[in-house]
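> Residues per chain are reported as follows:
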Amino acid sequence: MNFRVRAVLAGLAIPFVTIAAAVLLASLLVWLSPGYGIDEREADPTISDQALARLTANRRGGPFTVVRKMLHGDLGYSMALDAPVADLIAERGAVTLGSVSGGLAMAWSGAVLGVLLVFWLAPCARLLPDLLAAVLLAVPTALVSVAAFLAGAPVSAAIALALFPRLYLFARNILRSMENQPHVLHARAHGLSPRRVFEHALVRPALPELAALAAVSIRMALGAVIPAEAICDSPGLGQLAWKATLGRDLALLVPLTLLMTGITVFANTLSGISTGGRAG
Amino acid sequence: MRLRSAAALLLILLLIMAVGADWIAPHPYQQQNRDEARQSPGASHWLGSDDLGRDLWSRLLYGTRVSLLLAAAAALLATLIAAAAGVTAAYCGGCTDRLLMSVTDLFLSVPWLFLLLTARALLPLNTPPWESVAITFLLLGLFGWAGAARLVRAAARARLASPFALQAHAAGVSPARLLAFHLLPNLAPVLEAQFLLALPAFLLGEANLGMLGLGVSEPLPSWGNLLVGLTTPGAVAESPWLIAPSVVVLVSLLAMHELCGRSRKSI
Numbered sequence: 001m002n003f004r005v006r007a008v009l010a011g012l013a014i015p016f017v018t019i020a021a022a023v024l025l026a027s028l029l030v031w032l033s034p035g036y037g038i039d040e041r042e043a044d045p046t047i048s049d050q051a052l053a054r055l056t057a058n059r060r061g062g063p064f065t066v067v068r069k070m071l072h073g074d075l076g077y078s079m080a081l082d083a084p085v086a087d088l089i090a091e092r093g094a095v096t097l098g099s100v101s102g103g104l105a106m107a108w109s110g111a112v113l114g115v116l117l118v119f120w121l122a123p124c125a126r127l128l129p130d131l132l133a134a135v136l137l138a139v140p141t142a143l144v145s146v147a148a149f150l151a152g153a154p155v156s157a158a159i160a161l162a163l164f165p166r167l168y169l170f171a172r173n174i175l176r177s178m179e180n181q182p183h184v185l186h187a188r189a190h191g192l193s194p195r196r197v198f199e200h201a202l203v204r205p206a207l208p209e210l211a212a213l214a215a216v217s218i219r220m221a222l223g224a225v226i227p228a229e230a231i232c233d234s235p236g237l238g239q240l241a242w243k244a245t246l247g248r249d250l251a252l253l254v255p256l257t258l259l260m261t262g263i264t265v266f267a268n269t270l271s272g273i274s275t276g277g278r279a280g
Numbered sequence: 001m002r003l004r005s006a007a008a009l010l011l012i013l014l015l016i017m018a019v020g021a022d023w024i025a026p027h028p029y030q031q032q033n034r035d036e037a038r039q040s041p042g043a044s045h046w047l048g049s050d051d052l053g054r055d056l057w058s059r060l061l062y063g064t065r066v067s068l069l070l071a072a073a074a075a076l077l078a079t080l081i082a083a084a085a086g087v088t089a090a091y092c093g094g095c096t097d098r099l100l101m102s103v104t105d106l107f108l109s110v111p112w113l114f115l116l117l118t119a120r121a122l123l124p125l126n127t128p129p130w131e132s133v134a135i136t137f138l139l140l141g142l143f144g145w146a147g148a149a150r151l152v153r154a155a156a157r158a159r160l161a162s163p164f165a166l167q168a169h170a171a172g173v174s175p176a177r178l179l180a181f182h183l184l185p186n187l188a189p190v191l192e193a194q195f196l197l198a199l200p201a202f203l204l205g206e207a208n209l210g211m212l213g214l215g216v217s218e219p220l221p222s223w224g225n226l227l228v229g230l231t232t233p234g235a236v237a238e239s240p241w242l243i244a245p246s247v248v249v250l251v252s253l254l255a256m257h258e259l260c261g262r263s264r265k266s267i
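Residue numbers (the working numbering), protein chains in the order written: chain A, 1 to 280; chain B, 1 to 267.
Just so you know, these hints were derived from the structure itself, not from any lab. It cannot be assumed that every hint is accurate.
As the list claims (entries may be wrong) - Chain A regions said to be covered by chain B (calculated; three or more residues, Cβ under 8 Å):
1. 69-75
2. 259-273
What the hints assert, rightly or not - One side only, chain A facing chain B, incomplete, derived with CB under 10 Å:
3. Ala138
4. Ala230
5. Leu250
Here the structure is a predicted model, which means the values were calculated and not measured. We treat Cβ as the ideally placed atom computed from N, Cα and C, and that holds for glycine.
Same shape as in the complex, but just chain A (with noise of 0.2 Å):
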C-alpha cells in the first residue's frame, strides 16, 4: 500500500481506538461504581421471584453492557441530579458550548492583539502583553474565575483570561522562530513595509502552526471550563462534572468525561491534519 495512504489511514484509526479504549475505559468505571444497576424495586418484597429474577439479570451485563447501552444512546441515569444523564448534558452542553465559544473569541482577539502590538504596531511595547500574560499565567483559573465573578463579568471572560497567556505565548514564539528566517531577513532587506513582512512573511508561512494551535484551544477552553462555570455559578458541563464529583456520581462523570475525550481526541486530529502530522 502506498506510504501516504498508510499513514492517513493510520491517522484515520488512531483517534477511533483512542475513544474506543476510553469508552471501554469509562464502561468498566461505570460498573465498577457504587451503586450502578441498583434497582430500589428489589428491596420490594411484593415483587415476584421472577420480576426479581429479571431485575438482576438486568444488571449482570457487565461493562459490555454498558457499552452497548452507550452505543443505543442510554447514557444512563444521574443519581445525584435524580435526571437521564443524556438530558442533563443536552440542557447544559449548549450553555457550555456558549461559554467556550465566547471564552475563544475573547482569548483569540487578545492574543492576535497583543502578537500585531508586538510584531507590527509597536514593538517596543511587548512588555505590555508579555507581562499580563505572565501575570495570568501564574493564576489558579479558579482564581481567575473568582475575579471574573466579582466584576460582574460572564463567566466566558474567566475562560478568555485562563486561555490568553497560553494562547499568546504559543501565537508569539510560532512568529518569533519565524522571524530569523532568510526570508523574512531577505523581505526586510528588499524594504518591504512592516505590514507587508508581518502578513505575507511571518504570518502566512505560520499559518498551519496557528490552525494547529487554535485546533487545541478547544481542548484548553475545556481544561478551564470546570473551575470557571463551578466558580461562576454558571449552568454547564463544567459545573455538571463538578457536582457529580461532589456527589460521587460515576454514571454522570463518566460519560461527560468521554464527551470531552471526543471533543479533545476531534481537536487533536484536527490540530495534526492542519501541520501535516508535524504537530498536535
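Given the structure of chain A, go ahead and fit chain B onto it with the hints provided.
What follows is chain B alone, placed relative to chain A:
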C-alpha cells in the same frame, strides 16, 4: 540575570519559611479563636485571621510547606513515570513502543481536570487531612506524566541513535549498563526540564482542586484551600487581607515560571 537571581532568592526564602514553619509560625495552623474571627492584620495576627479565628500567617506558612513540598514530590513521580515509559518505549521499540505511546495518547486525550475529578470521585471525599494530601498529589503525579513521556521517548531515541550509544552496543555493553551509564545521564537535562515544567503546573492544579473543595481537606492548609475564602461573596470587600495568600501564590508562581523558563532555555 538580576530578575532570575531575585526569583531564586524569593523561592529559597519561601522554601526556608515553609520548612521552618514549626519555628516561625506564631500560632498552630488549626488553632481556632472565635473571639478573633476576621481580624485585620495586627501585632497578634500579621496577616489577619479567617472566619474561624485562625491565624492566616501561620496557615500560609504551613500551606506553603504542604503545597511546595508535595508538588515537588508529585512532579518527581510524574517525571519518573515519564522516564520509565519514554525510555522503555524508545529502547524496546516495536509493539512495546506502540502500546506505551497509545496509553500515553489516551492519557493526553482526556482533559486533565476531568480525569482528576473522575479519579477523585472514585475515592472517598471525606478523607482524613493527610490522606487527602496524599491522594491529591498522587493523582496529580499519576496523571501528569503523559506529555513528558512523549518528549523523553523522542530524546531517548535520538540518543540511542547517536555514535556513543552505537559504539557501546558494538562493544557489547549490556542493556542495563547502556541504560544506566550511557542513556540516563544524557537524558538528565531533559528530565530536569520536565520536572521544572511539572512543578508550577501541579501547584496550579492543586490550587484549582482546592478552590473547588476537592483538594487537601481542612483543617490542613494548602494554597488551594487558603484561596477558598475568596469565593464567599462579599468576603474580599469586608476583609481585604484575605487576598494575601493569593498574592503569595501569584508571586511564587511568577518566580517559578521565571526560574523554570530560564533553566529550560539554558538546558
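> Now tell me, hint by hint, if it's right for this structure.
Results of checking the hints against the structure:
1. 69-75: violated (count 0)
2. 259-273: holds (count 5)
3. Ala138: Hint holds; alanine 138 of chain A Cβ to chain B Cβ min 4 Å, cut 10 Å.
4. Ala230: holds, 6 Å
5. Leu250: At 6 Å from the nearest chain B Cβ, leucine 250 of chain A passes the 10 Å test, so the hint holds.
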